[in-house]
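S.K.: With the sequences and hints as input, model every part of the structure.
Given next are the chains, with one letter for each unit.
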Amino acid sequence: MTLHILGASPSDRTTFESCRDTLMDGDTLLLIEDGVYWALPQHRPELARLPARVKLLKADREARGVELEALAEVDDSGFVELCLENERSVSWF
Amino acid sequence: MTLHILGASPSDRTTFESCRDTLMDGDTLLLIEDGVYWALPQHRPELARLPARVKLLKADREARGVELEALAEVDDSGFVELCLENERSVSWF
Amino acid sequence: MRFTLVVHSAPYQSASAGTALRFARAVLDAGHQIHRVFFYREGVHNASALASPPRDEQNLPQEWRALAKEHDLDLVVCIAAAVRRGILDKEEARRYEKKAGNLAKRFELSGLGQLIEASVVSDRVVTFGGGR
Amino acid sequence: MRFTLVVHSAPYQSASAGTALRFARAVLDAGHQIHRVFFYREGVHNASALASPPRDEQNLPQEWRALAKEHDLDLVVCIAAAVRRGILDKEEARRYEKKAGNLAKRFELSGLGQLIEASVVSDRVVTFGGGR
Amino acid sequence: MSKSILIICRSAPYSSSSARDALDMALAGAVFEQPVSLLLLDDAVLQLLPGQRSSAIQAKNPNAMLGALPMYDIEHIYTSLGSLALHGLQADSLEPAPTVLDAEELRHFIARHEVVLTL
Amino acid sequence: MSKSILIICRSAPYSSSSARDALDMALAGAVFEQPVSLLLLDDAVLQLLPGQRSSAIQAKNPNAMLGALPMYDIEHIYTSLGSLALHGLQADSLEPAPTVLDAEELRHFIARHEVVLTL
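Taken in order, these protein sequences are the chains called A, B, C, D, E and F.
Take the first sequence: its letters are residues 1 to 93, numbered as in my numbering.
Take the second sequence: its letters are residues 1 to 93, numbered as in my numbering.
Take the third sequence: its letters are residues 1 to 132, numbered as in my numbering.
Take the fourth sequence: its letters are residues 1 to 132, numbered as in my numbering.
Take the fifth sequence: its letters are residues 1 to 119, numbered as in my numbering.
Take the sixth sequence: its letters are residues 1 to 119, numbered as in my numbering.
What the hints contain is simulated information worked out from the structure, not anything from laboratory work.
Where a beta carbon is used, it is the ideal one built from N, C-alpha and C, also for glycine.
You may find that some hints are simply not true.
Said to hold, decoys possible - Under the rule of at most 16 Å between Cα atoms (straight-line distance), these lysine to aspartate or glutamate pairs were calculated in the EDC-like manner: (1) B/K55 - B/D75; (2) E/K60 - E/D24; (3) E/K60 - C/E57; (4) F/K3 - F/E114; (5) B/K58 - B/E81; (6) A/K58 - A/E73; (7) F/K3 - A/E87; (8) E/K3 - B/E87; (9) B/K55 - B/E81; (10) B/K55 - B/E67; (11) F/K3 - F/E33; (12) E/K60 - A/E62; (13) B/K58 - B/E69; (14) C/K90 - C/E108; (15) C/K105 - C/E91; (16) D/K90 - D/E108; (17) E/K3 - D/D123; (18) D/K105 - D/D74; (19) F/K60 - D/D56; (20) F/K60 - D/E57; (21) F/K3 - C/D123; (22) F/K60 - B/E62; (23) E/K60 - C/D56.
Stated by the list, open to error - Example chain A residues on the side facing chain C (calculated, C-beta under 8 Å, incomplete): (24) G7; (25) I32; (26) E33; (27) C83; (28) S91.
Stated by the list, open to error - Just a sample of chain C residues kept apart from chain D, beta carbon distances all over 10 Å, derived: (29) H32; (30) A68; (31) G111; (32) D123.
M.R.: And the structure:
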């Protein structure tokens, strides 16, 4: 299992699509930095279609004023936990 | 009249679309740096639909191995000329 | 578990420079080890001894130094990336005939082999990119 | 005609650092004037006196210095952007209690007012960005 | 001597120093008594999202400073319909509320300025 | 001790130092006798365009060094069908010719490596 870490804003579709196309069942996608803007209502439908579990990084989401609503988030220690639960991480930026 | 200078690759659609949406009749679009990849056959149809004259920066095009074919290019002194022919320049990156 | 962090961005260039520091703290707080932090590409500027941010702004070079002191971290800056970009230790300053170096204390210049070694011996490697 | 150039990127961060230098040469070759080159954001690293690229690589700080010497160019580095990022002249080095500065000769630290003034008095202003 | 200066920022608030650098440029223009316009395109419209608690990442919130621009005689912050649409935002839910330009207005807006600085 | 290392580069050859930095990482892996794979995604596939005359911009052509990787026991340069499609390129017109992974192969390819370094 792989932890995918996406830090790019939805305005960077190429990065999102490359990340999306490498997700496998059982993988986790962690949205950090400008990646948390994927949780804006406009972009959620695409998140919902991903085959991976999706989590947001709490500090980055709060900083940017994005609502959590029905999504799951982790704090920095949860980020570390996700790294341990998965065998490898791939960063997309 | 405005000189628009686009340095972003076609993989950055957001930058292209913002640039495109500000072009007026009589404006010139100069493709520099990774912007010259817009001259790849795959991306040409979109260039052809722009309301502006399109030029490539020669050194950047040659460096990246992109064919000129039916497009127009300028060398660095032509870049300076384009700045003078237009009242202002807007850089997109 | 043993972590290695790879940092590609300079402090003001990308949010990821700050994310890396927060992650490092979280790793240590959870009782895990950091085998190495490897600064590559523009990330070498995290090791500037001359960076002088306003008081009300985060000072990443200083915070890395403090964390390294507290936890005896191995902060390695890629020597080839650093020298090109004007980050020099005393020895490199001499070699390139510059008056003084500017590598902050607790950071060390070394080769990419240190990244490969760290990748091999660590349980997890996490890249903090941004600004491709 | 009078040009002002604004440079936002560091030498290895974006191709635009090199584009700016080529453009400056072309302006001068065509017999026009450069009122000022203003280095902002990561562009401040073009003014590093410590950058030491391999011999077979372009050395942008050195080439800017040479061009400035030949044409008496006004190379202004935004002081607020520079100090944060660890580019200091002698005076700033003293102010922040650092042993030495690292601003290359021919470059000068000054405020954003220099960019505004240059924008007002120049016929054309061209931004060399990259790495938003 | 005076020139109309347009500053175009296209970056989200914390992705880099870009948002704050654009503000500093705008303020410098105002201090030197030049007519300055600030146009937030694409991700830069995200600078106007309310409720940013940036202390969580030890960063300064550019949003607060955007609200102070009228004190420097920069009365309007501009954005485009396209930028709002990119992230599905409504102007009246943003703080400070921007002046929204449609496609045609945007083109003429740019052409109305003598100097355009982008970042 | 040995680990399989995947290096993913996503940058065009001259947009930044990324392409050359990825190569340096791959070579360092090979020198330290680790099994290294180099995957060029998205704009990085443009590193393989033939006929790059980079002396025009005083830059080194990473293409030449990519061709030398087999000497360091890095036999394959990988890319994806999606990356070729992004720029409308054919693998057999590229130099050196990459090994192309379809979507399914790409996912398994990543999962096969113990360490993934991106830039």
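S.K.: Hint by hint, say whether it matches the structure.
M.R.: Status of the hints after comparison with the structure:
no.: 1; hint: B/K55 - B/D75; result: 10 Å, holds
no.: 2; hint: E/K60 - E/D24; result: 13 Å, holds
no.: 3; hint: E/K60 - C/E57; result: 8 Å, holds
no.: 4; hint: F/K3 - F/E114; result: 6 Å, holds
no.: 5; hint: B/K58 - B/E81; result: 14 Å, holds
no.: 6; hint: A/K58 - A/E73; result: 6 Å, holds
no.: 7; hint: F/K3 - A/E87; result: 13 Å, holds
no.: 8; hint: E/K3 - B/E87; result: 13 Å, holds
no.: 9; hint: B/K55 - B/E81; result: 12 Å, holds
no.: 10; hint: B/K55 - B/E67; result: 13 Å, holds
no.: 11; hint: F/K3 - F/E33; result: 10 Å, holds
no.: 12; hint: E/K60 - A/E62; result: 13 Å, holds
no.: 13; hint: B/K58 - B/E69; result: 12 Å, holds
no.: 14; hint: C/K90 - C/E108; result: 11 Å, holds
no.: 15; hint: C/K105 - C/E91; result: 14 Å, holds
no.: 16; hint: D/K90 - D/E108; result: 11 Å, holds
no.: 17; hint: E/K3 - D/D123; result: 11 Å, holds
no.: 18; hint: D/K105 - D/D74; result: 12 Å, holds
no.: 19; hint: F/K60 - D/D56; result: 9 Å, holds
no.: 20; hint: F/K60 - D/E57; result: 8 Å, holds
no.: 21; hint: F/K3 - C/D123; result: 11 Å, holds
no.: 22; hint: F/K60 - B/E62; result: 13 Å, holds
no.: 23; hint: E/K60 - C/D56; result: 9 Å, holds
no.: 24; hint: G7; result: 6 Å, holds
no.: 25; hint: I32; result: 6 Å, holds
no.: 26; hint: E33; result: 4 Å, holds
no.: 27; hint: C83; result: 5 Å, holds
no.: 28; hint: S91; result: 4 Å, holds
no.: 29; hint: H32; result: 31 Å, holds
no.: 30; hint: A68; result: 18 Å, holds
no.: 31; hint: G111; result: 14 Å, holds
no.: 32; hint: D123; result: 31 Å, holds
Figure legend: structure checked against the earlier numbered hints; every hint is met.
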